Structure formats: structure tokens, C-alpha cells
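If you read the sequences in order, they're chains A and B.
Under our numbering, the final residue of the first sequence carries the number 238; numbering is consecutive throughout.
Under our numbering, the final residue of the second sequence carries the number 257; numbering is consecutive throughout.
Because the hints were derived from the structure by calculation, they are not lab data.
Any given hint could be a false lead.
[What the hints assert, rightly or not] Chain A side only, calculated, beta carbon under 7 Å to chain B, not exhaustive: (1) 168; (2) 169; (3) 172; (4) 216.
[Claimed, not checked] Derived lysine to any residue pairs resembling SDA-like cross-links, with alpha carbons at most 25 Å apart: (5) 221(B) / 189(A); (6) 161(B) / 152(A); (7) 221(B) / 226(A); (8) 161(B) / 229(A); (9) 161(B) / 216(A); (10) 221(B) / 186(A); (11) 221(B) / 220(A); (12) 161(B) / 226(A); (13) 161(B) / 156(A); (14) 161(B) / 193(A); (15) 221(B) / 207(A); (16) 161(B) / 220(A); (17) 161(B) / 161(A); (18) 221(B) / 193(A); (19) 161(B) / 211(A); (20) 221(B) / 230(A); (21) 221(B) / 183(A); (22) 221(B) / 139(B).
[Unchecked claim] Only part of the chain B face toward chain A is listed, based on derived beta-carbon distances under 8 Å: (23) 83; (24) 98; (25) 185.
Keep in mind that this is a model prediction, so the values were computed, not measured.
Even for Gly, the Cβ is constructed at its ideal location relative to N, Cα and C.
Read off the chains here:
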Amino acid sequence: MHLVYPLVLAVLLFGIGLYGVIARRNAILVLMSIELMLNAVNINLVAFDMYLRDTLHAGQALTLFVITIAAAEIGLGLAIVLMVFRNRATTDIPELRELAEHKEGSV
Amino acid sequence: MNLAVAEHGFLSPTGAEIAFVLIGLVVLGSALLVVTTRQVVHAALWLVVTLGGLAAEYLLLTAEFIAWVQVLIYVGAVVVLLLFGLMLTKAPIGYSEPPDSAARIPAAVVALGATATLLTVIVDAFRTAYLHLGDDTVGSTEVTGQSLFKVWVLPFEVLSVLLLAALIGAIVLSRSRSRAHSGRKD
Chain A
132 MHLVYPLVLA
142 VLLFGIGLYG
152 VIARRNAILV
162 LMSIELMLNA
172 VNINLVAFDM
182 YLRDTLHAGQ
192 ALTLFVITIA
202 AAEIGLGLAI
212 VLMVFRNRAT
222 TDIPELRELA
232 EHKEGSV
Chain B
72 MNLAVAEHGF
82 LSPTGAEIAF
92 VLIGLVVLGS
102 ALLVVTTRQV
112 VHAALWLVVT
122 LGGLAAEYLL
132 LTAEFIAWVQ
142 VLIYVGAVVV
152 LLLFGLMLTK
162 APIGYSEPPD
172 SAARIPAAVV
182 ALGATATLLT
192 VIVDAFRTAY
202 LHLGDDTVGS
212 TEVTGQSLFK
222 VWVLPFEVLS
232 VLLLAALIGA
242 IVLSRSRSRA
252 HSGRKD
């Protein structure tokens with residue numbers, strides 16, 4: 132298999148995830164887009180592990196670590212989103228502007 | 072490397088390459104739906120299709136153990152967690168609010184720019200690289216497990232401590248509201 136197939140798939144998936152992170156309003160949908168980006172990185176790691184014939188299998192070990200950290204990240208992220216929802220009754224990211232610098236006249 | 076290209080042209084793809092591209096198209100299509108659909112629960116379900124397709128891609132890359140871990144942890148645990156999160160934040164089952172049209176166009180510009188840059192660099196650098204997937208023992212559970220517990224033991228154990236810390240942190244964050252309530256009552 133040509134190496135460019137997995138690499139191009141990873142780049143396109145990363146781009147889609149990047150779009151989702153910036154454009155989505157719901158915080159949970161942003162977390163989903165982050166998962167897409169992490170998965171794009173995992174494809175790269177596995178493909179290069181196979182390509183370089185790494186005797187230590189660093190790519191596959193790192194992929195497992197990334198999957199584990201993604202699970203931890205999604206757990207913590209959801210806990211934070213739930214707390215924000217309890218305090219603010221919204222998960223809409225553009226509405227969470229408490230810490231923003233207010234221009235004169237607005238608010 | 073040029074010999075490899077002469078041997079394996081882009082115009083005569085192997086069966087694994089055809090399967091990889093077809094499943095890749097499914098993955099990319101469902102990923103696009105994840106970031107564009109206006110029904111939030113459907114986005115989570117399209118995420119299942121994306122992650123399952125990626126597990127199939129790992130199998131085609133002969134990374135067998137990673138594929139099953141992907142199915143177990145991502146499709147099994149992460150998506151269920153996300154659905155729980157959607158449920159607990161009382162997300163509308165029908166239409167969600169329309170996405171911010173102001174952020175949409177800059178987001179598309181940034182994503183397209185990043186994708187185009189990365190694509191140019193990667194295609195230029197790895198045009199001639201060829202992945203020999205002759206033996207399928209490289210990604211088997213036995214090989215992965217041996218390297219994980221022979222070479223990567225320390226990071227593995229540190230990671231389990233990190234996972235425990237994240238677990239406790241998530242529990243504390245989710246419980247803090249009720250404690251604040253009882254504290255206010257006192």
C-alpha cells in the first residue's frame with residue numbers, strides 16, 4: 132500500500148475536525164470534533180509504525196496511549212461541560228463570554 | 072524508492088488499497104456529517120460510523136490490536152459518554168440551533184488552508200514511499216503486547232495513574248454542585 136493513502140486520509144480527517152472545533156457552537160460537538168482530530172493523528176502513528184518497521188513498535192504503543200488519554204480527556208471535558216451547564220444553563224460556547232473583554236457601551 | 076514506485080504504480084492499485092480508499096471515503100463522509108449535521112444526536116451516531124470505519128482501516132494496515140481497542144474504547148465507551156453528556160445537558164433531540172454563521176466561514180477558511188498546506192507538504196514528501204504489509208504479524212496482539220510490557224512499561228503505568236486521576240477529577244467535578252448546595256444551607 133502506498134503510504135500517501137493513510138496520510139492523506141489523516142490530513143483530510145484532521146481538517147474536518149479543525150473545522151468542527153471552530154465552527155460548532157455546542158460544547159459537546161466541539162469535543163466530538165477533537166476526537167476526530169485525535170483519530171487523524173492515530174492513523175499517522177500506525178501508518179508510520181508499519182512503514183518504518185519499528186522494532187520497539189513506538190507508533191502502536193503511542194496510539195494506545197493517545198486512545199487512553201482521549202478517553203480521560205473526554206471524561207474530564209464532559210464533567211466540565213456538565214458543570215458549565217448547571218451553572219449557566221447553556222452549553223453554547225459563543226454565549227459563554229463572562230471573561231471576554233467588553234467593549235464600551237455593550238453591557 | 073523509485074524502484075518501488077515503478078513496481079507499484081498508482082494506476083494499478085491492489086485490493087487492499089481499493090478497500091482502504093473506499094472505507095476512507097465512508098469515514099470522511101460521515102466525519103463531514105459529524106461536523107455539519109444540525110441534529111446533535113445524529114452527530115454522535117455518525118461519529119460511530121467514522122470511528123468504526125477507522126477501526127477497519129487499522130485492520131487493513133494490519134494493526135489488529137489497535138483496531139479492537141478502537142472499537143472497544145471509542146465506539147464502546149467514548150460515544151456512550153458523549154450521548155450521556157448530550158442527554159444530561161438536555162440537548163434538543165430534533166434540530167439544534169443553527170450553527171453560528173459568523174464563525175462558519177472563517178472556520179472553513181482555516182480548515183481548508185491547513186488541509187491544503189499539509190496535503191502539499193505530505194504528498195510532496197511521501198509520494199514515493201511504499202508500505203510493505205507482507206507479514207500480518209507486526210500488529211498482532213502478541214507483538215503489541217510484548218513491546219508494550221517489555222519496552223513501554225513505565226509510560227503504561229504512568230498512564231494508568233493519569234487515568235485514575237482523570238477519573239477522580241471527573242467525579243469531583245460532577246459532585247461539587249451538591250456539596251456547594253449543602254454548604255450554602257449550613
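Okay, the hints, checked on the actual structure:
1. Interface restraint check: residue 168(A) against chain B, minimum CB-CB distance 10 Å, threshold 7 Å, status violated.
2. This hint is violated: residue 169(A) has a C-beta 9 Å from the nearest C-beta of chain B, more than the 7 Å allowed.
3. For residue 172(A), the interface hint is violated, the least distance from its beta-carbon to any beta-carbon of chain B being 12 Å, above 7 Å.
4. At its closest, the beta carbon of residue 216(A) sits 5 Å from a beta carbon of chain B; the interface hint therefore holds under the 7 Å criterion.
5. In summary, the hint linking residue 221(B) to residue 189(A) is supported, as the alpha carbons are separated by about 12 Å, within the 25 Å threshold.
6. Between the alpha carbons of residue 161(B) and residue 152(A) the distance comes to roughly 21 Å, so the proposed pair stays at or under 25 Å and holds.
7. A distance of roughly 49 Å separates the Cα atoms of residue 221(B) and residue 226(A); the hinted pair therefore is violated under the 25 Å criterion.
8. Of the pairs offered as hints, the one joining residue 161(B) and residue 229(A) holds, with about 22 Å between alpha carbons and a cut-off of 25 Å not exceeded.
9. Under the criterion of a C-alpha separation no larger than 25 Å, the hint pairing residue 161(B) with residue 216(A) is consistent with the structure, at around 9 Å.
10. Distance restraint check for residue 221(B) and residue 186(A): the Cα-Cα separation of roughly 12 Å lies within the 25 Å cut-off, and the hinted pair is therefore satisfied.
11. With a CA separation close to 49 Å, the supplied pair residue 221(B) and residue 220(A) exceeds the 25 Å bound.
12. A C-alpha spacing of about 17 Å is found between residue 161(B) and residue 226(A), which places the hinted pair at or below 25 Å, so the restraint holds.
13. Distance check on the hinted pair: residue 161(B) and residue 156(A) sit about 15 Å apart at the alpha-carbon level, within 25 Å; holds.
14. For the suggested pair residue 161(B) and residue 193(A), the alpha carbons sit about 36 Å apart, so the restraint of at most 25 Å is broken.
15. The suggested pairing of residue 221(B) with residue 207(A) is violated, with an alpha-carbon distance near 30 Å, which exceeds 25 Å.
16. At most 25 Å may separate the alpha-carbon atoms for a hinted pair to count; residue 161(B) and residue 220(A) meet this at roughly 10 Å.
17. The straight-line distance between the Cα atoms of residue 161(B) and residue 161(A) is roughly 16 Å, inside the 25 Å bound, and the hint therefore holds.
18. Proposed proximity of residue 221(B) and residue 193(A) is supported: the alpha carbons are some 14 Å apart, at most 25 Å.
19. Restraint check for residue 161(B) and residue 211(A): satisfied, since their Cα atoms lie roughly 15 Å apart, inside the 25 Å limit.
20. Only pairs whose Cα atoms come within 25 Å are accepted, and residue 221(B) paired with residue 230(A) is rejected, the gap being roughly 48 Å.
21. Restraint check for residue 221(B) and residue 183(A): satisfied, since their Cα atoms lie roughly 20 Å apart, inside the 25 Å limit.
22. A hinted pair counts as satisfied when its Cα atoms are at most 25 Å apart, and residue 221(B) with residue 139(B) qualifies at roughly 21 Å.
23. Contact between residue 83(B) and chain A, as hinted, is not supported at the beta carbon level, the nearest pair being about 11 Å apart and thus beyond 8 Å.
24. Interface restraint check for residue 98(B): the shortest CB-CB distance to chain A comes to about 7 Å, inside 8 Å, so the restraint holds.
25. Checking residue 185(B) against chain A by beta carbon gives a least distance of about 6 Å; that is within 8 Å, so the hint holds.
Violated hints, listed in ascending order, are 1, 2, 3, 7, 11, 14, 15, 20 and 23; each of the other numbered hints is respected by the structure.
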